[in-house]
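As given, the protein sequences belong to chains A and B, one line each in that order.
The opening residue of the first sequence carries number 1 in our numbering; numbering runs sequentially from there.
The opening residue of the second sequence carries number 1 in our numbering; numbering runs sequentially from there.
Just so you know, not all the hints are guaranteed correct.
No copy is singled out in the list; a pair is fine if it fits within one copy or between any two copies.
The list that follows gives simulated cross-link-like pairs (lysine-lysine, DSS-like), each with its CA atoms no further than 27 Å apart [stated by the list, open to error]:
#1 226 - 149
#2 434 - 42
#3 434 - 67
#4 104 - 193
#5 351 - 97
#6 315 - 193
#7 193 - 67
#8 226 - 410
#9 97 - 410
#10 42 - 258
#11 315 - 410
Hints were generated in silico from the structure; no laboratory data involved.
Protein chains: 2
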Amino acid sequence: MEQIRQNRDFEALSSGGSPSFGGVGEVITATYYIETPYDPEKAAAVLAGEQSSGTFVAVPGETEELKQRFAARVVSVELLETVNEPAIPGAVSKEGKYHRAIVKVSWSIENFGYNLPVMVSTLQGNLYEITQFTGLKLMDIDLPVSFGKHYNGPAFGIDGCRKLTGVHDRPLIGTIIKPSIGLSVQQTAGIVKTLAEAGIDFIKDDELLSSSANSNFDDRLDAVMKVINIHADKTGKKVMFAFNISGEIDEMLHRYEKIAESGGTCAMISINSVGLSAAKKICDHGLLPIHAHRNGWGMLTRHPLLGIDFKAYQKLWRLAGVDQLHVNGIQNKFWESDDSVVNSITSCLTKMFDHNTILPVVSSGQWGGQAFETYRRTRTVDLLYMAGGGIMAHPMGPAAGVVALQQAWKAAVDGLRLQDAAKLYPEFGKSVEKFGNK
Amino acid sequence: MEQIRQNRDFEALSSGGSPSFGGVGEVITATYYIETPYDPEKAAAVLAGEQSSGTFVAVPGETEELKQRFAARVVSVELLETVNEPAIPGAVSKEGKYHRAIVKVSWSIENFGYNLPVMVSTLQGNLYEITQFTGLKLMDIDLPVSFGKHYNGPAFGIDGCRKLTGVHDRPLIGTIIKPSIGLSVQQTAGIVKTLAEAGIDFIKDDELLSSSANSNFDDRLDAVMKVINIHADKTGKKVMFAFNISGEIDEMLHRYEKIAESGGTCAMISINSVGLSAAKKICDHGLLPIHAHRNGWGMLTRHPLLGIDFKAYQKLWRLAGVDQLHVNGIQNKFWESDDSVVNSITSCLTKMFDHNTILPVVSSGQWGGQAFETYRRTRTVDLLYMAGGGIMAHPMGPAAGVVALQQAWKAAVDGLRLQDAAKLYPEFGKSVEKFGNK
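Given only the sequences and the hints, what does the whole structure look like? Please build it.
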């Protein structure tokens, strides 16, 4: 197993006390959407103080010089609307007025160097506790150029996943083994065989399943890879299977190695549950694309004025090195709007440094009908398009479910309307009959 | 370095397909505070389906037998008030009515065994995305007895921290090196010397500082431990210093080992930033108490109907094995109410299995004046009581700041009123003059 990369540059930066690398003078800038009963400029100054050299009274040693060097700076405050009710509990406005604003704050790279957890603690730490805010959401992070050199980003990204699956010029078509939990190892392998024979590109474990009483991870890996390897030997097409390795570090490393040794081509991690440091450790090995499942994400973003926006969130995980990241889907079964999903896809597809670009994973209630609107709004086929029940419950069987999805995407890119595609393609037509009225 | 513990029991559970350990039939039960425009019982059923074997249409293989074995169960639904406005965006009520309820849902241990990240994905995963809810907060987790055997909990806890510091029958008195960031290594060591000579029990890095351009971690560790070791040799009292090791896994392990080798007695981790798997890996070594900083916590709990309550949160981190956990403080400078802080302290001090109990870390704007109310409401001295500016900015210097805090706690336990204590103790009296009007 390849040695993990060390924080070489930052050791050089920090050991001597006088930085000697290209990052001198660089800043990290965070953009927040805030709400406050106070003057937003003053509230922003409290934030900057709390997240750098501030404390509640002046203390000896807090000199002007160090303040200049390590103090966070309020770069800009753009006033928005004023509302009458606070978004979340905090300071109470006597006048019943709560001001919203977009605030940009910057920190010198000298404060934390290349340390993602400490960057997160700085940009997303105690500032959510500040009573002066009745709303605070981290919207974006601007990273300095040296981050692009220090961090390698996704080892595979879109191009790497296309190479491994042999899929070009259309979305990767994928599915989740359902039911989420309860199938035996042999039942799972049987479904994988059916799907592989149907020409699917990608299959994943559900995030609820890692090792259950009737589906031990190692056993499932063996059974599934046997099917996939036999199929690959016969056809030349290797299905990418994202095994859910989420767990403790050593358990994950064991599973990761076993996937690689078995000829597997993907590992899945529930990134919020596992956390940043462990996820980066896995990504750093660079042998397998990492499928990043964002379950728990609703907790971090569902309130419009609390938490973190996907635009900022995906940058953190790209730095950590994940290759595929969930973005929900158009007309999904969850709470998220189509606009939000489109913005997430755009964020993922926006180039970051000279890193590989991550593959957006479109899922949740997808059955092919959404291909038309997804393509109309994003104009991209650089997607991993996941359908769960949409494939497995296809009236003509899972194989027809796969074909129907390929047909839907071909039709969407060809500029057909859903109704015309349903007439042209029998398998997709059956999908429309079964799922089209949802 | 000690080998990490393996998931022995669960390997036994899962490898054969038929569990053979004491945990057969055990369940994990989660308590949620929910809001929904639908019938709460139906919404709860959606949650249980989504987080176990559910998908949006029935699929082949989803048999009754496996449903019985792996399906999450709605244990109870206790109706609360109905409100006219949704707490967070979700499904819209035609009648403008949103029903609140306490819902209990349980999962068999067979679903995920002893895997904390997968447990988190099950209890706190996609359920936050469910459109049927306009509010959802995880309030508590009931863990089965076998968890108490599989997980060791805090290696040190309250008793271990008392032994290491030699402090009994009163709170450990601590402080945070301030300013948070910007001091040189030698300035930091100088402050540590002053505080050690003043009789302080505990000092910590700020969460914003791990390795900065003018305070390299290793250099700071060396300088600080030199001061602490000399002081310990001279007096027999070793100050516990929580060095912020937060970072990538290998970096954290390197720092952890270096602390232990240097005679240090504590390592600090920003648990939300580092994440569960990496934090557990560190805790598993068991050589140092882990000071768990919960920065970022506001994002997870500040909305009353989104995220996770501290009662559930602290259980996860106790299973991971942290020894000290932040709980904010009475009359803090942040948004949190005193009631919430008291509940958090109580949660930490509640026995969990036969594990060591974690030490609640009281901080934020504390200066000694809050000792009276803190003791009145919690009746405990099993606290790490942290004052930042309250010590460092004491009119008679940091040494008097430490003494003032000890006086305040003695007076509180003796049943004195703040005003009487201020007259009796000159150092505390000066604190009251300076900080008492906040």
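Against the structure, the hints:
In the homo-oligomer, the alpha carbons of residue 226 and residue 149 never lie at most 27 Å apart, since the shortest distance is 39 Å inside one protomer and 36 Å across protomers. Proximity of residue 434 and residue 42 under a CA criterion of 27 Å is satisfied inter-copy only: 24 Å between copies versus 57 Å inside one chain copy. Only between protomers do residue 434 and residue 67 lie at most 27 Å apart by alpha-carbon distance; the minimum there is 24 Å, versus 64 Å within a single protomer. Within a single copy, residue 104 and residue 193 get their C-alpha atoms no closer than 52 Å, and across copies no closer than 38 Å, so neither meets the 27 Å cut-off.
In the homo-oligomer, the alpha carbons of residue 351 and residue 97 never lie at most 27 Å apart, since the shortest distance is 40 Å inside one protomer and 45 Å across protomers. Neither within a single protomer nor between protomers do residue 315 and residue 193 lie at most 27 Å apart by alpha-carbon distance, with minima of 36 Å and 41 Å respectively. Taking identical chains as interchangeable, the C-alpha atoms of residue 193 and residue 67 lie at most 27 Å apart only when they sit on different chains, with a minimum of 23 Å there against 63 Å within one chain. Neither within a single protomer nor between protomers do residue 226 and residue 410 lie at most 27 Å apart by alpha-carbon distance, with minima of 31 Å and 69 Å respectively.
In the homo-oligomer, the alpha carbons of residue 97 and residue 410 never lie at most 27 Å apart, since the shortest distance is 52 Å inside one protomer and 44 Å across protomers. Taking CA atoms no more than 27 Å apart as the test, residue 42 paired with residue 258 passes in neither setting, with 54 Å inside one copy and 42 Å between copies. Neither within a single protomer nor between protomers do residue 315 and residue 410 lie at most 27 Å apart by alpha-carbon distance, with minima of 31 Å and 50 Å respectively.
Against the hints set out earlier in the document, violations occur for numbers 1, 4, 5, 6, 8, 9, 10, 11.
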